[in-house]
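Quick note: the sequence shown uses UniProt numbering, first residue 1, plus one each step.
Treat the hints with care, as some may be off.
Here are the in silico distance ranges between beta carbons for each label pair [unchecked claim]:
1) ASP175 x ARG270: 43 to 49 Å
2) GLN142 x GLU26: 29 to 35 Å
3) ALA41 x VAL223: 25 to 31 Å
4) GLY189 x ARG230: 17 to 23 Å
5) ARG254 x ASP175: 16 to 22 Å
6) GLU261 x GLU129: 21 to 27 Å
7) THR278 x ARG134: 30 to 36 Å
8) GLY189 x GLU114: 54 to 60 Å
9) VAL224 x GLU293: 25 to 31 Å
In silico SDA-like cross-links for lysine to any residue, where the CA-CA straight-line distance does not exceed 25 Å [stated by the list, open to error]:
10) LYS132 x PRO211
11) LYS176 x ARG152
12) LYS132 x LEU173
13) LYS132 x LEU167
14) LYS176 x VAL138
15) LYS176 x ARG229
16) LYS176 x PRO211
17) LYS176 x GLU133
18) LYS27 x ARG148
19) LYS176 x ARG110
20) LYS176 x TYR155
21) LYS132 x ALA156
22) LYS176 x ALA200
23) LYS176 x GLU206
No lab work stands behind these hints, which were simulated from the structure alone.
Backbone N, C-alpha and C fix where the C-beta goes; we use that ideal spot for every residue, glycine too.
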Amino acid sequence: MRADRLVAALLLMQARGRVTAAELAEKLEVSVATARRDLEALSAAGIPVYPQAGRGGGWSLLGGARTDLTGLTAHEAQALFLLAGPAAPDAPELRSALRKLLRALPQTFRQEAEAAAGAVVVDPARWGEPEKERPELVRVLQRATVRRRRVRLGYAGRRAGERTERLVDPWGLVDKDDVWYLLAGTERGQRTFRVDRIVAAEVTEEEFERPDDFELSRAWAGVVEEMERRRATVSATVLISARLLPILRDHFGRHFESLGEAGDGRVRARVAAPMALTIAEQLAGWGARVEVEEPEEVRAELARIGAELVERYS
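Whenever a hint applies, use it, and build me the whole structure from the sequences.
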């Protein structure tokens with residue numbers, strides 16, 4: 001794995017003071033070209049590594065700089081162990097990494113860092129549900145993302161039996177409410193794929209370069225914003241008792257907006273959804289406790305639903 005090589009290269013420079021690409025290649029059992037790219041990657045990442053040309057030259061750490069994990073502050077160490085600790089029991093590699101990091105921390109930080117690692121347990125299964133495991137396909141895509149290898153996907157379309165094949169550059173994975181998404185580069189630009197609709201994934205040996213300006217969290221925020229915009233194409237203004245307002249807000253989430261008092265003890269609010277029918281279906285169970293002022297199509301859908309219920313249960 002490239003990350004292992006980069007750390008090994010850095011530690012070797014610390015130990016020897018200066019190394020050549022040929023020496024590093026021999027030590028890491030890679031080609032000289034690969035060793036040179038690794039050294040350049042360290043420099044590009046901001047580590048003070050610089051080359052010196054000529055006889056007796058090589059690569060060195062500027063001013064004898066050293067990597068030292070004790071540079072973490074107490075709060076940084078606690079935050080790291082709080083974040084990684086819950087996943088450690090199910091990930092041997094992470095558990096081993098945390099042990100090594102713990103030994104590298106200053107003695108004054110160790111006790112609180114160790115306590116932070118065991119302070120939180122994450123149980124993703126709801127009551128009555130079996131324990132959830134990360135899909136194997138997600139692991140395959142994660143490895144391809146880290147190794148920067150293109151993937152040939154078989155992707156199921158929205159219609160039954162519809163399937164397409166695509167060669168993509170896996171840029172990152174997102175888990176949103178137990179649904180996994182792959183953000184990838186394609187010949188048409190960035191695209192988002194639902195992992196549960198990927199029916200086949202073949203990792204190729206073809207390498208790719210992720211765009212320098214790509215940041216997964218920012219890219220996903222853009223995807224979410226666009227999806228939420230599509231999910232809120234129809235809005236309705238409603239009147240509801242002030243004491244019920246928090247429940248309505250929780251029900252509609254980010255598609256809820258409070259508009260202030262209505263003057264009769266009720267509060268006016270705006271809710272949104274993809275269709276008028278969707279809003280009506282979500283409000284029908286509230287009965288007379290919610291009054292829809294507008295639009296007329298939502299009121300008509302509520303009247304239709306009410307008529308169907310009266311006919312069925314009268």
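Hint-by-hint comparison with the structure:
1. ASP175 x ARG270: 43 to 49 Å: 31 Å, violated
2. GLN142 x GLU26: 29 to 35 Å: 31 Å, holds
3. ALA41 x VAL223: 25 to 31 Å: 28 Å, holds
4. GLY189 x ARG230: 17 to 23 Å: 18 Å, holds
5. ARG254 x ASP175: 16 to 22 Å: Since ARG254 and ASP175 have Cβ atoms about 19 Å apart, the given range 16 to 22 Å holds.
6. GLU261 x GLU129: 21 to 27 Å: Violated, at about 42 Å.
7. THR278 x ARG134: 30 to 36 Å: 32 Å, holds
8. GLY189 x GLU114: 54 to 60 Å: Cβ of GLY189 to Cβ of GLU114: about 45 Å, so the range 54 to 60 Å is violated.
9. VAL224 x GLU293: 25 to 31 Å: 29 Å, holds
10. LYS132 x PRO211: At roughly 33 Å apart (the allowed maximum being 25 Å), PRO211 and LYS132 break the hint.
11. LYS176 x ARG152: Answer holds: LYS176 to ARG152 is near 23 Å, not above 25 Å.
12. LYS132 x LEU173: 18 Å, holds
13. LYS132 x LEU167: Given that 25 Å is the threshold and the Cα spacing comes to 29 Å, the pair is violated.
14. LYS176 x VAL138: 13 Å, holds
15. LYS176 x ARG229: It holds: about 17 Å lies between the C-alpha atoms, which stays within 25 Å.
16. LYS176 x PRO211: Roughly 23 Å separates the two Cα atoms, so the pair holds.
17. LYS176 x GLU133: Answer holds: LYS176 to GLU133 is near 15 Å, not above 25 Å.
18. LYS27 x ARG148: 23 Å, holds
19. LYS176 x ARG110: 33 Å, violated
20. LYS176 x TYR155: 19 Å, holds
21. LYS132 x ALA156: Holds - the C-alpha atoms of ALA156 and LYS132 are around 24 Å apart, at most 25 Å.
22. LYS176 x ALA200: 21 Å, holds
23. LYS176 x GLU206: Given that 25 Å is the threshold and the Cα spacing comes to 29 Å, the pair is violated.
Comparing the model with each numbered hint stated earlier shows that hints 1, 6, 8, 10, 13, 19, 23 do not hold.
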